[in-house]
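Peer 1: Protein sequences appear in the order of chains X and S. For the first sequence, position 24 matches number 24 in my numbering, and the numbering has no gaps at all. For the second sequence, position 363 matches number 363 in my numbering, and the numbering has no gaps at all.
The set of hints was computed from the structure by calculation and includes no laboratory data. For each residue, glycine too, the CB sits at the ideal point set by N, CA and C. Keep in mind that a hint or two might mislead.
To be verified - Derived DEER-like restraints, expressed as beta-carbon distance ranges: (1) S:Asn175 x X:Asp105: 31 to 41 Å; (2) S:Asn175 x X:Gln106: 13 to 23 Å; (3) S:Thr172 x X:Glu93: 17 to 27 Å; (4) S:Glu249 x X:Glu61: 32 to 42 Å; (5) S:Asn307 x X:Glu61: 50 to 60 Å; (6) S:Asn175 x X:Asp34: 31 to 41 Å.
To be verified - Just a few of them, taken from the derived set where beta-carbon distance is under 10 Å, the chain X residues facing chain S: (7) Gly82; (8) Gly85; (9) Ser135; (10) Gly136; (11) Pro144; (12) Ser151; (13) Asn187; (14) Gly206; (15) Ser229; (16) Thr233; (17) Met236; (18) Pro237; (19) Ala249.
Claimed, not checked - In silico DSSO-like links for lysine-lysine, alpha-carbon gap of 27 Å or less: (20) X:Lys70 x S:Lys181; (21) S:Lys218 x S:Lys56; (22) S:Lys181 x X:Lys174; (23) S:Lys83 x S:Lys218.
Spelled out from the first residue to the last, the chains are:
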Amino acid sequence: MKSIFKLTAFVLLAVFAFSSCKKNDNNNNTPATDTNKVHLEFFNVVGGSNLNLNDEWYKNENGDSFTVSKVNYYISNIKLNGSNGTTSYTEPESYHLVEQSGALDQTSFDLYGVPYGKYSSVTFMIGVDSIRNVSGAQTGALDPANGNFWSWNSGYIMLKFEGNSPKSNAVDNKLEFHCGGFTGANNTLKTVTLNFPTEIEVTKSGVPHVHLQADILKLFKGANTIDFSQMNTIHMPGPNAKILSDNYANMFSVTFAGL
Amino acid sequence: MQSVGNYRLHFLNHSMKKLLIALLCCGFLAAISVTGCKPDSSNNVKPDSSNIISFKVPEGWPKPVYTFQNNALSQAGFELGRKFFYDVRMSRDNTISCGSCHQQFAAFAHLDHDLSHGINGLFGTRNSPGLDNAAFRPAFFWDGGVNNLENQPQNPIENPVEMDIKLADLITKLNTLEDYKPLVQKAYGQTTITSQILFRALAQFMAAMVSSNSKYDKYMRGEEGGAMSAQELHGLTVFRANCEGCHKEPLFTDYAYKNNGLAVNLKLNDSGRAHITALPEDRNKFLTPSLRNVDLSRPYMHDGRFNSLDAVVEHYRTGITQSTTLDPLLKNGIAMSDQDKADIVAFLKTLSDYTFTKDKRFADPN
């Protein structure tokens, strides 16, 4: 009788163990570590001031005045680098669409499951890695219904800037920079590492915030100074998208990291 | 717990105990078999006897490009894809489905339409291609702009002259349709339709469209029904000598982009592959189409300019337009006698697969 009970218990346990699904378990096969969140927030600025969509006039390095109606970019493959070569964190399924386009702004998100410890810098890709550009239908941030995917020429729009400038000779003086391209000489993918002004510590009670600033002026200067009379429309991968990507590689900085 | 268990067991006689152990073992096995914890229940779907779907690479063919990765082929997934494919509610005004311009009897091309008409009778700029053997294609559209079968349908869905509905709006619309919910649940384990579910289901339906039962196939496999006439066999010989450079067996395409000497259609002004690459050397190059089911899928070329196979072969004999991007193999055209031409056409007709065009699994379920 006892043995039957033992067998029953064993089988039930085994069934339970095998059938419990650990969906979204991002740290398979690693020993349980105490973790917490880190909050990332993106701020679009123009020079020293916050970016105001539509109404405010700005001037680029070339002296061309312009307004901004939309700024979207993909941030992917995020890593937090531990201080002194200690613990580090790689976000699983790390794809985020940062959008500033009016009513539906999405400019912040949390990193989950970050092990307790000190971190001194963040590494991320501006854009979507090449594999996800060739892997068929995606979902979440990568859902093509989000409008940042070229359906006719498969690939993600890594960064989308729209606005106006009197210098633009496009219809209605529009500026439309849809930058993408994930292969060859005109690859626009950029991976950047940014140091925190002060290291952050993830603890049981501490959810650090990291503020990342994107300076729109740097989109039009740096590696290449952009003249809106010469460049005002990008709708496919190519040399122009590459030129802008060489600029936006230096567009981000961390302005705050801490509690 | 323990006392309850013992109490219950106390009342079991010997045969009941055996049964209990057997049942528990079954449960254990069943648990092991579902340990994949896949969000889709597709693997548990009961096959629907006559209509059972499967994917098998025909003998001697290359490996498929579409491998159902993260999208395991299932009867429910396939049927969901078929329902989407034939549903006119996929267009903005409920008039056009995928099946409107991809007809099974034409191997899923659009018979007798040089260009196809979409919503409000508007015309596109390219001939609707067949979908047979879609799983073997590395790229889609005449310019090869799409790199994955799952991403293909977004274009006709959103194109203002085809189905004319924004993807986000279509997904919202589909989620209001009650008749999809049971099938979506069965195929993907949830009732909410996402664009990923839409595209994966459509990919299942299209990728399953393997066409490999033409007379030519039976001839190559030495099967009954594969007896070729002397004319067809001579046509095959001439074909292999002159056309195989691009239309490579067994799929009758090299999946490359070529300028085949068509005079540029000034009304359409279609630059072909250069539209994707922006490279001048790709101007007026188009994807080499497969010739499988070619006799069933007229008209021909990217703009549907030729209405007969005779006209197509004649183009290669006498109609080549010289240009900087013309394929070198066609520089001097393809010299052939009238008899050779007739024989090539006779051979091309052996590439028709009526088993495929009459396969009820791919037909409109309504």
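Peer 1: None of the hints should be skipped; say for each whether it holds.
Peer 2: Cross-check of the supplied hints:
For S:Asn175 and X:Asp105, the hinted distance range of 31 to 41 Å is not satisfied, since their beta carbons lie about 25 Å from each other. Taken as a hint, the range 13 to 23 Å holds for the pair S:Asn175 and X:Gln106, whose Cβ atoms sit roughly 21 Å apart. Taking 17 to 27 Å as the suggested C-beta distance range, the pair S:Thr172 and X:Glu93 conforms, at roughly 25 Å. Separation of S:Glu249 from X:Glu61 is about 58 Å and departs from the stated range, judged on CB atoms against 32 to 42 Å.
Range check, S:Asn307 to X:Glu61: about 58 Å between beta-carbon atoms, so the 50 to 60 Å window is met. The hinted window of 31 to 41 Å between S:Asn175 and X:Asp34 holds, with their beta carbons roughly 40 Å apart. Taken as an interface hint, X:Gly82 does not check out: its beta carbon lies about 32 Å from the nearest beta carbon of chain S, beyond 10 Å. The beta carbon of X:Gly85 is not positioned within 10 Å of any beta carbon in chain S (closest approach about 35 Å), and the interface hint is therefore violated.
Annotation: X:Ser135 was flagged as interfacial toward chain S, and the flag holds, the nearest CB pair being 7 Å apart, inside 10 Å. The interface hint given for X:Gly136 is met, as the beta carbon of that residue sits about 3 Å from the closest beta carbon of chain S, less than 10 Å. With a cut of 10 Å, the hint placing X:Pro144 at the interface with chain S holds, because the nearest CB-to-CB distance is about 6 Å. At its closest, the beta carbon of X:Ser151 sits 4 Å from a beta carbon of chain S; the interface hint therefore holds under the 10 Å criterion.
With its C-beta approaching chain S no nearer than about 14 Å, X:Asn187 sits outside the 10 Å limit, and its interface hint is violated. For X:Gly206, the interface hint is violated, since its Cβ never comes within 10 Å of a Cβ in chain S; the closest pair sits about 33 Å apart. For X:Ser229, the interface hint is violated, since its Cβ never comes within 10 Å of a Cβ in chain S; the closest pair sits about 21 Å apart. Given the 10 Å rule on beta carbons, the hint for X:Thr233 is violated: about 13 Å separates it from the nearest Cβ of chain S.
At its closest, the beta carbon of X:Met236 sits 7 Å from a beta carbon of chain S; the interface hint therefore holds under the 10 Å criterion. Taking 10 Å as the C-beta cut-off, the interface hint given for X:Pro237 holds, the closest approach to chain S being about 8 Å. Hint on X:Ala249 is violated. Least Cβ distance to chain S is approximately 22 Å, over the 10 Å limit. About 36 Å separates the Cα atoms of X:Lys70 and S:Lys181, which puts this hinted pair outside 27 Å; it is violated.
Proximity of S:Lys218 to S:Lys56 is assessed by CA-CA distance (about 16 Å); at most 27 Å being required, the pair is judged to hold. At most 27 Å may separate the alpha-carbon atoms for a hinted pair to count; S:Lys181 and X:Lys174 exceed this at roughly 43 Å. Between S:Lys83 and S:Lys218 the CA atoms are separated by roughly 32 Å; this puts the pair beyond 27 Å, and the hint is violated.
Checked against the numbered hints given earlier, this structure breaks hints 1, 4, 7, 8, 13, 14, 15, 16, 19, 20, 22, 23; the rest are met.
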